[in-house]
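Could you build the full structure based on these sequences and the hints that come with them?
So the sequence lines, in the order shown, correspond to chains H, B, D and A.
Quick note on numbering: the first sequence equals residues 377 to 691 in the numbering used here.
Quick note on numbering: the second sequence equals residues 213 to 492 in the numbering used here.
Quick note on numbering: the third sequence equals residues 43 to 309 in the numbering used here.
Quick note on numbering: the fourth sequence equals residues 4 to 358 in the numbering used here.
In case anyone wonders, no lab produced these hints; they're calculated from the structure.
A hint or two may mislead.
Stated by the list, open to error - If you want the footprint, here are the derived chain B segments under chain D, 3+ residues with CB under 8 Å:
(1) 412-421
(2) 468-477
Said to hold, decoys possible - Which chain A residues face chain D? A few, computed with CB under 8 Å, are given here:
(3) 259
(4) 263
(5) 277
These figures come from a predicted structure and were not determined experimentally.
Beta carbons: idealized from backbone N, C-alpha and C, even for Gly.
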Amino acid sequence: MSASTSPRTRLRRGRLFRAIPTAWRTPLAMVGAIIALAWIVIALIAPWAAPHDPLAQQLPRLTAPGDASVLGTDQVGRDVFSRLLTGARVTMPLALLMVVSATVLGTLIGSIAGFVGGWVDETLMRLTDLIMAFPTVILAMIIAASLGPSLLNAVIAGIVVSWPQYARVVRSLVLSLRTQNFVIAGRLLGYSPWRSLRSDILPNVAGPVLVLASLDIGTAILLLTGLSFLGLGAQPPAAEWGSMISGAMSHIDAWWLGVFPGLAILTVVMAFNFIGDSLRDALDPLSSAEREGAAGGTEHEEPAAVENPTTEEGR
Amino acid sequence: MSTVLEATDLAVEYRGHRTVRAVDGVSLTISAGEVLALVGESGCGKSSTARAVIGMEKPHSGDIRFRGAPVPPLGLRRRKAELTAMQMVFQDPNSSLNPRKRVGDQIADGVTAARSRGLSSDAPRQWLGAVGLDPDMVTRYPHQFSGGQRQRIAIARALAAQPDLLVADEPISALDASSQSEVASMMRRLVLQAGAGMLFISHDLSVVRIMADRVAVMYRGRIVESGPTAMVWADPVHPYTKALLGAIPHPDGKGVLPAAPAAEAPAEWHEELPGALDRG
Amino acid sequence: MSALSIRDLTIAFGRHDPVQVVSGISLDLSPGKIQGLAGESGSGKTVSAMAVLGLLPATAQVGGSIRLGTTELVGLRPRELNRVRGRRIAMVFQDPSASLHPQLTIGAQLTDHVRAHLRLNRRDARQRAIDLLTQVHVPDPAEALRRYPHQFSGGQRQRIAIAVALACDPEVLLADEPTTALDVTVQAGILHLLRELVDQRDLAVLLVTHDLGVMSAVADDVAVMRHGQIVESGSTHDVFTTPQHAYTRTLLESMPDAQQSLVEDDE
Amino acid sequence: MTATTTSQKPARLWQRWPLLGYILRRLGTSVLLMLGVTMVTFVLTALVPGDPVAAALGEGAASNPATVAAYVEEHGLDKSIPERYLIYLAALLQGDLGTSIKTGRPVATELATAVPATVEIALCAIVVSLAVGLALGTIAAHHRGRATDQVLRVVSLLGLSVPTFWLAIMAYHTFFLRLGVAPGAGRLDPTFTPPPTVTGLYTVDFILGGDPVGFFDALAHLALPVLVLSLFTIGLLTRFIRAAVLEVLDTDYIRAARAKGLPRRRVIGAYVLRGASLPILTVVGVAFGVLLSGTVLVEAVFAWPGLGTYAFNSAINLDLPGVMGVGLVVGVIYLVINFAVDLLYGVLDPRVRLA
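And the structure:
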């Protein structure tokens, strides 16, 4: 068997929609999905669920968690619990916006670079090189500071620093797909370049890009809260997790000010990472736990028979 | 018989830190209703020749004509309708089909290509039947088939375009031994029924023997011997052809070890024997 | 007397819903003989060979008995198994460019197990490696030890892989499709080498291959596998000339050798 | 591919000495990349809506037109942007990185202390992450699908999910303020004087200066920031090394090594890890960039006078020379890492070396 593609890439393609149901069945993905769902519900009902106005400075200051206020109050008498719930409405949609924009932008640029090739490819790839030469937080920080501190500018900075990774991945996928036999077969049958891209290439890019994006949601939340922590994102008095932690720095003995927003970020990011990792696992036959049946040890023959009961005799 | 393909003095080079000339002055012609087999061992340039003929590889020099008109390399642009009369079947059945598209739709693309040249073609269901699969499988996706079945589908898609020339690059080497000669015979039958010609690339001389009208043996980028299959098989002239034929083990139960060449690449294999070319 | 005796070997994959891929095969390997195991992909021939050396993944369940002399190999503890592997039973794989480590020199791969098993010092191990390379006809053995696999041709790589397998003088050699990845002229050379080594060293060989031509050329006895079972076995001559089982007949009839040319004589 | 090698054309210089050609090409692209990086940084900071004059002078002084005019004049802000860029480049060629608008000190001097401070943290963190990641990743791969693997998977994903700045605060609060087992912020206890500068890495300089007490104090100050910073990269490396090892475990050469009867430890050490070394090397390069990102946030908590702190101060003050300096340094670090990774490829893979 001298197949030109490795079994890995061969199996990975086209498995996306069968992979999603498989991924859901693993406990890790279930836990992730439940936590993520819980936070999404919180974000939706926060205005009604919050016991106090998250911005109102009307409670006694710096009271520890207790009967009066579930998670205590901050230095100006705001309710930490209400601010925590409201914070979910701020970070998650913006992180999603950031990831979706970066994915679309990166996919667009990556597929143009890979498909057109030549100097267009060269130029675009040097551009990604430039951006990727900077550590993401440092570049995002410079951009956010230049544009002026605001949450929206932090999102813009986040998009600028994160699209190149999608462009790189999509480009290399497109490049390898372009030489795949089925794409060439399409061209020999008279496909236009556009049709080739739309029907042969992009559908097969979708899976890996989706995995990348799902894993990137957590990173996006970390970046946005990090920039807010530095004072380059959400501005006071907004109820945002990163800036809540920043505010807690000057009242270090009031532990509840810092601990809870941090746990909020941790659980949300973890939930999306669990989901993303399970999805990657399901799409990648090698790193998966090899759920039953075909074992990784015998690539030569048996797995084909076990995995794929339709044999030659079946016709 | 009309000539469908004429390649003259074809050369293909690969640039790296060392430029490698994979095909070094190959000329061949294929007529309608004829199967030409190009045989040789790995790295001899037979696949590069096939890829250059169809336009996947830009030749370094030489001339390729399909029905008298030059074949431009497959670029970014859409291929002209006339050139969809050249089709190809690839070696690896797993990458030959789009995993995200129903096989019926992929065969239908072949039918569309035939229509674009004003020809009629059967429906995808009938094509599946023609290659020995259940017509009801048109709605399935490639992953629901075995490697051998996928190769049959790829053949159906190429033939649905009603080609005048089918280029087949090791189309059977990834299949189970027991179905190799059956698929090869089926390809010959269907191509000849359609009045087309076929360039059949293979490293397996025993399969070539039963299905090729003519055979060309390649060694290190050059054709060293060519002629009617039966003649080359029965009476090889070039030392390399002799070695190649002598090395084939036969399943006859006699326990005879095939002849092994004395060295890895004896000098005599490089000889040019004009008498060995275009025999018959 | 048989060197290796396989009795009622069964192999299944999966813990909860096991799929049986080998269901009760028995084979005997004798010194100086090549026992062929033929079959198409998915018939279970490769996993059977892997099971002998305990190379199957943890999800595999192996039943039955595999005896090497007086040692039972099924269920043997890893430490004891390692005393058998490479020392008494060795294996050659299909693709020599995959079975040799690309980042280690030939010398390292040829001597590390020799030193582990036979407790030789560096110099003796090196000398032994040179002798081995000479036996498998690799030119300039001393120089070859310093080189890496990619610097050799496919045929030489397989010769080196055979030398690695034979380095500790094993009694049994398992050869899994040893010529499938090679060109036919190179294959002929390897088959000659295999026969030569079997005769010289009185090796017992299990030759797994789908290629009936190869099987017919070198095997003394043949077993034909299908769906995890042996459907027919016997001396190579008998099985190839007077096949008893319908499946064997189908296999042989599908070979190009058995078929008439489809080309009609125009003249 | 075989066939003949054509050699009609006379071999060029770089064809005869491939290594020389490689280094020249490498230098060329490096210069281009550095030009690009400075340009990006320049354009970013010069074109944006923020007002550096106001940022530098403060609200009061910025309302005085004379002060503003003098300031603009002094820093050449009245010139066009391309002009200013060229002036900057000309100075750069003479090794002049300009003067910080905010502090009035030469940027080069400030970076000379900031960069080693960060490099010290990042180097320690990469060593810790790689050691832990190699161990955990290999263990996880060997126990694929079993409980150990699942636990390690959750642990490494947790590492990827913790907000670094929060963890830094929690660690500082717990180990310094509460338990008192860790030293406070900064690179040294205030009672110590920094060692004579040789490398700029305090630990190394203390050893070179023969001061063991200072060395241990510097090491103690490094501990918390390094551990906090490493958590994310440990998660990253563990996941990745697991995947790389799994891929290698499924190769014929590992089956062949096992079939030779080599002890398990030797199979892992000599065969598996060597086989996985190239992808691991690649991800270590990536991890270094991630670490540099993390330093910005961790340095802010531990009052560490490093590159991250410097970048932050320059950015919020829209201090153009400072930001440009950061961009340059970051570009150089990126190039050095990539170059090191490429060289190591050659060391680890004979196919690259001999090609």
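Hints, one by one, checked against the model:
With 6 residues having a beta carbon nearer than 8 Å to a beta carbon of chain D, the segment 412-421 of chain B meets the requirement of three or more and the stated coverage holds. Counting residues of the segment 468-477 of chain B whose beta carbon lies closer than 8 Å to any beta carbon of chain D gives 7, which reaches the threshold of three, so the coverage claim holds. Hint on residue 259 of chain A holds. Least Cβ distance to chain D is approximately 4 Å, under the 8 Å limit. The beta carbon of residue 263 of chain A comes within 4 Å of a beta carbon in chain D, closer than 8 Å, and the hint placing it at the interface holds.
With a cut of 8 Å, the hint placing residue 277 of chain A at the interface with chain D holds, because the nearest CB-to-CB distance is about 5 Å.
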